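2 protein chains.
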Amino acid sequence: MATPRILPPTPEAHQSQLLIGSILEQSLKYEPDREIVYRDISRITYRELNKRVARLANLLTNHLEVAQGQTVAFLDYDSHRYLEGYFAIPMVGAVLHMINFRLSPEEILYTINHAEDAVIFCHQDFLPILEALQGRMEMVKKIVLLSDSGAEATSPLPLEGEYEKLLLNQPDSYTFPDLPEDAIATTFYTTGTTGLPKGVYFSHRQLVLHTFGLATALGAMDNAVKIGSNDVYMPITPMFHVHAWGFPYLATFLGMQQVYPGRYEPAMLLQLVLKEKVTISHCVPTILQMLVNSPQVKSFNLTNWKVVIGGSALPRGLAMAAMGLGIEVITGYGMSETCPVLSLTYLNKKTMAHLTEDQEADLRIKTGRPIQMVDLRLMNEEGQFLPNDGKSTGEIVVRAPWLTQGYYKDEERSLELWKHGYLHTGDIATIDPDGVITITDRKKDVIKSGGEWISSLLLESLISQHPDVQETAVVAVPDQRWQERPLALVVAKPDTSITDQDLIRHMEQFSDSGKISHYAVPKQFRFVTEIPKTSVGKIDKKRIKKELASED
Amino acid sequence: MATPRILPPTPEAHQSQLLIGSILEQSLKYEPDREIVYRDISRITYRELNKRVARLANLLTNHLEVAQGQTVAFLDYDSHRYLEGYFAIPMVGAVLHMINFRLSPEEILYTINHAEDAVIFCHQDFLPILEALQGRMEMVKKIVLLSDSGAEATSPLPLEGEYEKLLLNQPDSYTFPDLPEDAIATTFYTTGTTGLPKGVYFSHRQLVLHTFGLATALGAMDNAVKIGSNDVYMPITPMFHVHAWGFPYLATFLGMQQVYPGRYEPAMLLQLVLKEKVTISHCVPTILQMLVNSPQVKSFNLTNWKVVIGGSALPRGLAMAAMGLGIEVITGYGMSETCPVLSLTYLNKKTMAHLTEDQEADLRIKTGRPIQMVDLRLMNEEGQFLPNDGKSTGEIVVRAPWLTQGYYKDEERSLELWKHGYLHTGDIATIDPDGVITITDRKKDVIKSGGEWISSLLLESLISQHPDVQETAVVAVPDQRWQERPLALVVAKPDTSITDQDLIRHMEQFSDSGKISHYAVPKQFRFVTEIPKTSVGKIDKKRIKKELASED
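From first to last, the protein sequence lines stand for chains R and S. To convert, take the position in the first sequence, counting from 1, and add 883; that gives the numbering used here. To convert, take the position in the second sequence, counting from 1, and add 883; that gives the numbering used here.
If you're looking for bench data, these hints aren't it; they were derived computationally from the structure.
Simulated crosslink set (EDC-like; lysine to aspartate or glutamate; CA at most 20 Å straight-line): (1) R:K1233 / S:E1159; (2) S:K912 / R:D1245; (3) S:K1181 / S:E1148; (4) S:K934 / R:D1258; (5) R:K912 / S:D1272; (6) R:K1232 / S:D916; (7) S:K912 / R:E1243; (8) R:K1302 / S:D1061.
All of these numbers come straight from a predicted model, not from anything done at the bench.
Bound-form chain R, shown alone (with noise of 0.2 Å):
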């Protein structure tokens, strides 16, 4: 049979892989003085930085005898330290796990000895959670102090002592060793729906492709968001959470300016935001309603700023009011599984200069269209593929080069995860026919009322623009009848009296205009003064359904 040519290899011609340390290369072919900025605390350029990724590197492979293969973890704010971690681990041939400092400490132990954590590097202020974790910490021999001041910390806990301490005392100069580009560089957990987290892991090739893929897609294609190396960036979404959307790398790639924020303070985010002329940064919506709802944000000059948000939906008013303050805001689509970006609103100025600016808003809070190398579909429960006709409802698939090709040691989620060979992202969607996707729910949280799809997504919509609620989650609870029906919790503003009839008067409305079924109108109140969050901000709908479940 015939087959495609493949021809050997010259025996000296050299076999390119892609590799993370030949992303922090590039930072020294441009603009190698360009700076990495902490805070209001230290500055390094491009040189320095990687000088000190081959310090990291002694100190990993010599004085902590880290081997090839082995998992070394950081716990800190975002910080040029953990810069310096994306990429000396890696480049070792180690994996570097970054351990969420928001899941509870019995989570991170649980993440910690998963992940088989030789070596951690932690903050400070994180020290008491490892010591109240002390003795159950499985493989963890060795923990090195990350401190903003440079002092020395007492632990019981085996400090091997301060990061700058010991980088001063390393060689500035590391042969870095040749790998394959499948080798695992990263890891990471995910707080699933049901049970234990999950780990998620990303080799170097597939960190190297997002990374291209980023590049092309904020780069190279005329959109609202377009970017440059001369751009400074910030994250605003934490360096543990998913790469901070791979931007750190691309950064690194392409010289830009980089700040990190440590802890995410609003006034010390501004202030940065102000005094390094950040132009690009990504967070979640919770973060850019606080900066907008800031009382000196009208002061400040934002007009130069682009915010990529993602994590959950861009509500139409955050984004008209971010717009109004002149900042240049779209929505980025992706989790954890994926490295993250599948995503990103496009809204070409040239070609789409017809629209309105309600319209431009509607694109800006959509999710977008699937990125460079990245094939999203429509699946049904059968397997089969839905068209993108703006009407079919079904959960969005992915292939790409840079999805986890499973779940870590959890074969039977990881069976679950690419079932029919596809990543299954468990978002519910339509595709508009020009590939601009809506997700309407979570699969989990879809309400399955009567043999039919209820968006808990767009009732929470709707009962938000009632005007005496601030907040409202809606998740399906069981029932004899039609199997589910939604129930919501709302939270009232302020001095408002609010009723259940007024609410469903309320949503009567958008069933009458034929907007929602009358099926999908819900009877079920709870008026509450908190909504459950996770630790990433989101909805907590499972803690939700488990405590009305515990009701009964």
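Dock chain S against the given chain R, drawing on the hints supplied.
Positioned in the frame of chain R, the structure of chain S alone reads:
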């Protein structure tokens, strides 16, 4: 021994391969109604392009019985048809051979047989070439006629019919095979310094990574030339020549409007630039010179035109003339063996705002800096690296993810090419501490005089500054005492008289001022009416040397 962590993928997990087909897929995501224009003859949208590629795939595998691993050649001017071949042929698992129609008929025959062409898509204008070779093309079974008029032709060749008519009969969808990314996608021939043409070859993976490299270097870097998807692309380096520098793949990847000019005719080229509002092109200096010299050019606004120059050095005067017309002109460097792009001028108007126009021009005419993922160094003849100090002169050697892994069926020259694990470019250069490359000569053209190296390019540049010199070429001639000595061929300007002594005096200024050594001043001159050129317009030093040698 410790090894990097490599995890077996989940059974159904999709292993993304980097395939040419995924470049084409992107064109439907953003601006599917953008057009690919062919002269003043036809316009098709990306939607149509995708369908036509499917038709061509059906034509190839059904009608023409092309199997995976076979070679299919194109012999055409720059056209949308050629672009269709760029995609469909590799996408069905075959190998695209781009025939250089500027080679001699015997060389063309050699490449057709050496590449094992099974089918040739041939423009009507080139039928006579193939007709003359009939009976000697060893594996060619079928020939498809490419005709701008759509007319059939009668020929003794095994013509299958005219391209458009054949496409019409094919279905416009096709299930493309899954291919391994290392499958060879393209091949073409480079005329070497000695002996027969050498076949280089590139895999799907290499071409995708080259495309990503260009998208990043040209799109995401803030540089004098920064492109976006709204750019309008037209090649003026032929599509048979190193994938037209990879730009047709890049333009399709980003969904740019594309303009294919067919046969290069200055009036048509300028007309298309203006009518289609072309914003990005690439060409050799000769073509730019021709356009800049065109009497019409002064009445045109070319300030939106970005031009990447390659193939040979951009003369300073030409750069200044182009800048004077508002053309944004930079230099790119690469060769057939390297896909081709290795380096590009880096001129950041923000960080280099202090540069004078003269200094800017200096940067534009140098060889630029290595782009993302290109590891480019200087090596001496012993295989040792030389420093980037702006003084050390050595051969440029490279590693990158898009270099030919050898010469097809030529083990000896493959081994030479990849000696010491780096691809040898044969170019002699210095590299500044900031990474800017200056090519001083081709290795084979360097003049080895008394143990020192004299740059023939530098001598040419200095001789051509004499007001009566129109053009010059300097080559090495054997010398009993000094091993080699420079000899200059000189074309004098019309109505001037110029002697050896005039030129020696002219050159002695430069040795007096220390620009060159005394021993570098040429003493031998030949006054000629024309400098021999190769098929791609470069000075043919091989032929000059051969002719000089045969005089003896």
